[in-house]
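Protein chains in written order, with our numbering: chain A, 1 to 111; chain B, 1 to 112.
No false leads were mixed into what you were given.
Coverage of chain B stretches by chain A, computed from C-beta distances (three or more under 8 Å per stretch; other residues unrestricted):
#, region
1, 37-48
2, 102-111
Some chain B residues flagged as far from chain A (calculated, every beta-carbon gap over 12 Å):
#, residue
3, R13
4, E15
5, Q17
6, V52
7, E62
8, P75
9, T79
10, S80
11, P85
Mimicking DSS-like on lysine-lysine, the simulated pairs with C-alpha atoms at most 30 Å apart in a straight line are:
#, chain 1, residue 1, chain 2, residue 2
12, B, K70, B, K57
13, A, K77, B, K100
14, B, K100, A, K60
Simulated from the structure, these hints should not be mistaken for lab results.
Beta carbons: idealized from backbone N, C-alpha and C, even for Gly.
Residue-level listing of the chains:
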Amino acid sequence: GNSVTQMEGPVTLSEEAFLTINCTYTATGYPSLFWYVQYPGEGLQLLLKATKADDKGSNKGFEATYRKETTSFHLEKGSVQVSDSAVYFCASTSGTYKYIFGTGTRLKVLA
Amino acid sequence: DGGITQSPKYLFRKEGQNVTLSCEQNLNHDAMYWYRQDPGQGLRLIYYSQIVNDFQKGDIAEGYSVSREKKESFPLTVTSAQKNPTAFYLCASQRLGGEKLFFGSGTQLSVL
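Isolated chain A, as found in the complex (with noise of 0.2 Å):
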């Protein structure tokens, strides 16, 4: 069945540090692929996503660029800040109700 298979946390940065949370996914077809970001004691809020093969999304200095030949969307940003703290999840859709998340990557940012 499909799958998301994402990295374990907590990854833990230093201000304005590079940040890289792989995510692989396995699906029949093509799904769509998305990053929600959940902060402390709050539901998930969609970060970004892409729809199809090289496509990248992009918001608030996240990126990720949804690979087919490697099933990756790994979510990177150049410089992470304090305020960047939160959960990471990353998640795939092949139908409007058939969301597969992963089990989420706790990142904690340090000035």
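Once you've looked at the hints, dock chain B against the given chain A.
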């Protein structure tokens, strides 16, 4: 402002008790979802509903029940049959034909 409201934020259940978590949305979305979040396990789908008066079981529906009598409301009941109910519960909605999920701020359920 449009959004999803979950209440209460914290809920405590005694053994043998049923409890109901509220989820209301004013986004005019057709689809609504309930997810359970446990540490290190990501989100698991409990129930979903795509139209009023209709709902489907997700991956972990046992011990839970829902209703969808109004478009804007999708309450979740955690019954006494759910033996391990302690978790963070998230409600989400989605417009017809859309992919983006809109989430509420969650309810933390704990057992006394």
